[in-house]
Structures are given as structure tokens and as C-alpha cells.
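Given these sequences and hints, build the entire structure.
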Amino acid sequence: MDYTNNYTTTSHGAQAGLSTGGGFLPGSQTADSPSTTNKRSYGKDTLRPVTLRQLIDAHHPHPDAEYFLIDGSEATQVTFVGQVRNISTQTTNVTYKLDDGTGTMEVKVWIDAEAFGQNEGEEEGGGGKASKVVVEQGYARVWGRLKAFNNKRHVGANIIRPIRDYNEIQYHLLEATAVHLHFARGPVELLEQAKGGAGGGGGAHSNGGGAGGAAPAPGQLPPGTSLSARKVYQAIRNTPQSNEGLHVQQIATAGGLEMTEVLRGGEELTNLGVIFTTVDEHTWALLEIEG
Amino acid sequence: MSAEATPRINAPYLSQFSHRTVRLLGKVRQLRGELATVDAGGDVVVHLNRDAHLQLNHAVEIIGKVQNDLSVRVMACSDLGPEGDIDFAAVDAVVDATHRYHEIFYEKEQ
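Line by line, the protein sequences are chains A and V.
Mapping to UniProt numbering: the first sequence position 257 is 257, numbers consecutive.
Mapping to UniProt numbering: the second sequence position 2 is 2, numbers consecutive.
It is worth saying that the hints were derived from the structure and are not from the lab.
Predicted model, so just to flag it, every value in this text is computed and none were measured.
Where is the CB? At the ideal position from N, CA and C, for every residue including glycine.
There could be a bad hint or two in this list.
[To be verified] So the derived list for chain A, only partly shown, Cβ under 8 Å to chain V, looks like this:
1) T51
2) G103
3) V134
4) Y166
5) L173
Have a look at this one:
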């Protein structure tokens with residue numbers, strides 16, 4: 001079971017997701033005016049490693065939306081590895097059918113009229129260039145964007161290239177799992193802090209079960225606490241403050257969070273009895289005895 | 001959707017997946033005509049089809065159906081090169097993740 005810890009070392013994608021992807025959470029759309037969701041900048045784009053099953057299951061907020069939600073987090077660009085089951089060349093694009101063992105998905109690569117001549121040359125040249133060509137039954141990696149057209153999903157790909165080192169298949173599936181867990185359960189660092197406070201797995205269980213209404217021990221949040229609540233908790237914990245606590249604005253700045261996320265996380269922490277309001281309802285302090 | 005998924009398993013998972021189509025990544029140990037033995041966390045007897053070309057000591061990925069006797073009938077297979085080129089610790093990690101976090105890999109039968 002050693003390798004479970006190694007997941008942290010492959011968290012490049014996860015980090016990218018954290019810094020740029022946190023902005024738009026499902027709850028924030030109801031709070032904001034609809035027009036803000038239409039004006040989307042490419043600055044918010046993330047590149048997420050996924051399994052095809054995640055793309056099939058991804059939630060499409062509304063039929064015209066340009067993005068999908070995976071684990072409640074916005075996904076725009078995605079990357080995956082799969083086996084090519086079929087290649088069909090159309091006049092305007094090449095459609096590949098990919099199977100990664102979790103599902104199948106059509107991948108369309110638009111034919112660039114200018115680059116077309118070069119591709120032809122490559123195929124005819126064969127030999128040395130052959131390893132660059134995607135073949136049926138071979139494995140390939142795709143970078144692209146999930147799209148829905150006539151209720152059918154496909155990926156509009158920027159790049160598709162064959163896999164040469166088959167370890168990349170395993171690497172990709174583990175990376176996709178790590179990123180999935182990052183969004184579904186929270187960043188590894190926060191989970192480890194939570195675990196450390198409980199003094200091991202067994203301790204966490206007995207604490208969690210018997211707690212009832214009691215506030216958890218310092219540095220520990222009960223299992224099931226949402227990611228935003230954990231971030232707010234960390235922000236309050238790590239920021240120097242008077243006994244009046246911190247204003248939501250300061251928490252948002254300290255944690256690098258959206259205001260809606262802070263308010264949502266704060267409400268959850270209040271209900272858990274972890275924080276309380278001080279001078280006004282937007283100033284919060286941790287409810288814990290400093291040891 | 002679930003019919004299209006081929007969960008990645010190894011030898012210890014065979015009994016849980018009888019009559020299902022699975023993916024098995026292992027090392028080719030023996031070739032005996034229509035039969036082969038593949039080491040995927042334990043020996044697995046594999047019934048080959050005519051298109052299957054296995055090579056001894058190569059890594060192979062098999063898509064096949066698990067039979068009653070826990071042998072696997074091959075539907076498709078891909079040679080992944082000499083077994084030394086594949087990190088089998090990562091392969092085992094993938095199988096473990098597939099079943100531990102199956103929500104992103106396959107639909108569990110109830």
C-alpha cells in the first residue's frame with residue numbers, strides 16, 4: 001500500500017486545478033447574475049486528467065454551456081489516454097473512437113487545410129515517421145475539450161498522439177484518480193492535517209462517532225466536511241488575528257477564495273460549532289481552547 | 001454505458017468478475033497452442049483466439065471474458081513489449097485504484 005503516498009508526487013495537475021479552478025463552484029452560479037456565467041475568459045481554463053467515464057458522467061449545467069462539471073468543479077480542457085477502436089476520416093475532420101476501459105468516446109480532430117499536405121507526406125513517407133501516426137488498436141493520448149452536440153458527447157481535440165511508453169497508461173489513470181480525489185475529498189495536505197489532529201485512523205473514528213454536538217479537537221474537522229469549509233478553517237487558523245477574529249473579506253484574501261465560497265464554508269463551520277461570530281455576523285473566530 | 005466498461009483486474013479479482021468482460025495486464029509465462037498462462041498478480045489461464053499473438057516474457061494486455069473456471073477467453077489483446085519495460089507496481093496500483101475509487105472507472109453491479 002506504499003504507493004498511496006506517492007500520489008502526492010504526481011499532483012502537478014491537481015495543483016493547477018487548485019489555483020485556477022476553484023473560482024466557479026456550483027453554488028456560486030445561483031448567487032451571481034446569469035450574465036457572469038456567459039462571459040467566460042480563457043484565463044479560467046484548466047487542463048484536467050480524466051477517465052472517459054468521468055466525461056460520460058460529467059454534469060452539463062445547461063444545453064448551451066461551454067463547460068461541464070466533474071466532481072462539482074468546472075472542467076474545460078481535458079486530457080486522457082485510451083485505445084483507438086476506430087478511425088474514420090471525413091472531409092473536415094478525423095473521428096477517432098477511443099476506449100480507455102471505463103467507457104468509449106468519439107474524438108474529433110479538425111483537419112487544418114494548411115497542415116494537410118504535410119500529414120499526407122508523413123503517411124506516404126512511412127518508415128521513420130510511422131511512430132508519430134495514431135493507428136487502430138494502438139494507445140493514444142488526447143488533449144481537447146468535451147462538447148455536447150445533438151445530445152451526443154464528443155471531444156474536440158487539439159492534439160492526439162500515440163503512446164510510446166505504455167507506463168503512461170498507468171500514470172494517467174493514477175493521475176486522474178489523484179485529481180478526482182483532490183476535488184471530491186479535498187487537497188491531500190488538508191486531509192493529512194485533519195488526520196494528524198485525530199492521532200491516527202482509529203482515533204478519528206471514535207472521536208467522530210461520539211462527538212455529537214461537541215466541537216472537534218483543534219486542527220481536526222469531522223469527516224465529510226466540504227472543501228470550502230476546510231479552506232476557510234485553514235485560512236482563519238493560519239492568519240494572525242485579535243480575539244475579535246477575522247472579517248470574511250480578510251478570510252477570502254488570506255485563503256485566496258471567492259466570497260461565495262467563504263460564506264458557504266463559514267455557514268458549514270458555524271453549524272459544526274467550529275467557529276462563531278464576534279463583533280458582527282461577518283466576523284468570525286475559531287471556537288477552540290488554545291493549548 | 002456500463003456494458004462498454006472493461007474494468008482492470010488481476011488474478012485475485014477473477015472470482016468477483018466471473019462472466020464479465022475485463023482488462024488484464026500481465027506477463028506471458030507459458031504458451032501451449034490455444035492456451036496460455038499469464039502472470040497478473042498470480043497465474044491466469046487464457047484461451048487464445050486466432051488473432052492473438054503472444055510472446056513469452058512480454059507484457060500483454062488482454063480484454064476478455066472471465067469463465068466459470070476463472071480462466072479468461074480472449075476477445076482482444078495488445079502486446080506491450082518486453083515485460084521489463086512495464087512498471088508492474090504501477091499496474092497493481094491502477095487495479096487497486098479502479099476498485100477502491102470505482103466511481104470514475106466502472107459501475108458496480110449490485
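Ascending list of hint numbers which this structure does not respect: 3
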